[in-house]
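So you can see what is in the structure, the chains are spelled out below.
Protein chains: 2
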Amino acid sequence: MESELSNNKQLLLKNYAKGLPNESDFVVKTSTIKLEIPEGCDDAVLVKNIHLSCDPYLSLFMKGGHFSFIPGSVRLQPIVGYGVSKVIDSTHPSFNKGDIVWGITIWEEYSLIKSPRSFYKIQDTDVPLSYYTGILGMPGMTAYAGFYEICSPKEGETVFISAAAGAVGQIVGQFAKLMGCYVVGSAGSKDKVDLLKNKLGFDDAFNYKEEHDLNSALKRYFPNGIDIYFENVGGKMLDAVLLNMRLNGRISVCGMISQYNNDNVEGVKNLFCLATKQICMKGFANSFYYHLYPKYLEMVLPLIREGKITYIEDIAEGLENGPSALGELFAGHNIGKKIVTVSS
Amino acid sequence: MESELSNNKQLLLKNYAKGLPNESDFVVKTSTIKLEIPEGCDDAVLVKNIHLSCDPYLSLFMKGGHFSFIPGSVRLQPIVGYGVSKVIDSTHPSFNKGDIVWGITIWEEYSLIKSPRSFYKIQDTDVPLSYYTGILGMPGMTAYAGFYEICSPKEGETVFISAAAGAVGQIVGQFAKLMGCYVVGSAGSKDKVDLLKNKLGFDDAFNYKEEHDLNSALKRYFPNGIDIYFENVGGKMLDAVLLNMRLNGRISVCGMISQYNNDNVEGVKNLFCLATKQICMKGFANSFYYHLYPKYLEMVLPLIREGKITYIEDIAEGLENGPSALGELFAGHNIGKKIVTVSS
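Line order of the protein sequences matches chains A and B. The numbers in UniProt numbering rise by one with no breaks, and the one at position 70 of the first sequence is 70. The numbers in UniProt numbering rise by one with no breaks, and the one at position 178 of the second sequence is 178.
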């Protein structure tokens, strides 16, 4: 018996000229999908998407170009990205109907994933499932690998985090505080700065948009210099940080969001500081660290359950609010991890 | 009995406006010096300078500014820099009259060094003494630390070296060849390129001044990308290299000579490649690695004696030729390690 066709709302990217995409560059359309895996399609899963993750890196694939290091989104097709989903049909030996998974899915209600290599089966469901788009998913692993593996932090060190109220930055800051570091974050609005100081336990925070001289701002917060910089933004901020790094400092290059869709990328001029101060600047992709995921969960789940770590989310309900959610993210107006909840 | 005053030729830096100093910015004058250590001056040595080392970093101290990481030269005073010298008087327990030493001395015939902390007593004199300004001195330690300690090279890897015919680059290239790497160098003249290919055993070399597109040039020599970049120049070259680095590449930041006295420093735009390709870019100062100096000598002295490594020098005779020697160095016209020999 043939199964019925079901409606399937999708979020598509329209053609857009340049810069970062905004709300009007996205459109929600309805197509149809059969709610069972087609004959002969082995090792596939059919999922109902629950939460979709709004991540800054998505803009890289929307723009195209030479940053395509994972299968990217293509214009006029549904966006590809991280999400939390429920398996409703499976021909894959590792997944069964009813499993809750997180990994790379598609921005639509139902998705047929033919090669679900990025999927993790979620075992711990006593914490919010949406956390698997954030602290328990890719941003969490990014914070963990980028801070502990790349920066080798030590108690008492000074740590600076840019885009500190974002999905990754807020986790790094709390890890650094738990380790006994002095932690300052920068963000782009008063609300975000308040959040960092009052809810996330940062020692201090500032609004970079209100500082006309970032070098002086950093000197104010770090009179003795910065040991560790968790780099999320690039450009002018990195230049100012380089002048304020201490001897044997470490810079973990997680992202450079200020440069992603900037048609005039800002050149960084103070790189010679790397030599004079013996700084190690290392980039990383979280995808190389997933062998540490079980170890990470073992560390972070108890911290969440005991309330020793907080995770701030900014949730939009319904795929029809996807365009405004993504527009908000790229404009930096979200506070905390931006998520679109597709179904409950 | 009071000792006689002796004439003491000195090389001084005149005031100069900006950019790199040239020959006319230096002047040789004659002062006088007593050839014995003054009463009450403990822990001092009086040396007769033999060879003086022309190093690109000297321009940093001539310019002043925030790069002063070792005691620097001051305008209108004799230049301070590395050299090979003979001890003619000593009140320091570690040095005796007649010892040959290398370390930081002054650009003059005789120097009273009150705190000779940087001096190493030369034990092996069967090799040219001038080598202690180069392969057996600071540039050698720089090559050794920067290549082995920072880059962790492996057999079969691809290595690119900028300013490859310079004091440090020529050593790094030969170390890399001895390790079984594929090695390409860039330099600024046909003569230097010939030297790299025909005398120093590089697999290939090119004149960066003849390439209007450095990215294409690097793609030609490294169709599969670069594992290790030994960075001596900065600016545009670094930007092109970043595009051509391989996954898990290493960049050792030794110097950025193109940027030292450039009043409009070129911004580096492709740093996001650090994240997408998991590149580690680490600066270093040779001064942190001198605990490895005995180990280094043990490795390199046999290679020199057996002719397995070559060191190209470009020697000017007499302090009166110091101004033209330094002018040549800063203009990049020297071929190999530039040295001024003061006395034999």
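No lab work stands behind these hints: they were computed from the structure. Among the hints, erroneous ones may be present.
[Unchecked claim] Below 20 Å or equal to it, Euclidean Cα-Cα: the simulated SDA-like pairs (lysine to any residue) are:
#1 A:K277 <-> B:G225
#2 A:K199 <-> A:K277
#3 B:K236 <-> B:Y221
#4 A:K236 <-> B:E266
In this text the structure is predicted, and so the values were computed from the model without any measurement.
Going down the list of hints, with the structure as the test:
With a C-alpha separation of about 28 Å, the suggested pairing of A:K277 with B:G225 is violated against the 20 Å cut-off. Distance check on the hinted pair: A:K199 and A:K277 sit about 34 Å apart at the alpha-carbon level, beyond 20 Å; violated. Simply put, B:K236 and B:Y221 have alpha-carbon atoms about 17 Å apart, close enough for the 20 Å limit, and the pair holds. Annotation: proposed proximity of A:K236 to B:E266 holds, straight-line Cα distance about 14 Å (limit 20 Å).
Violated hints, listed in ascending order, are 1, 2; each of the other numbered hints is respected by the structure.
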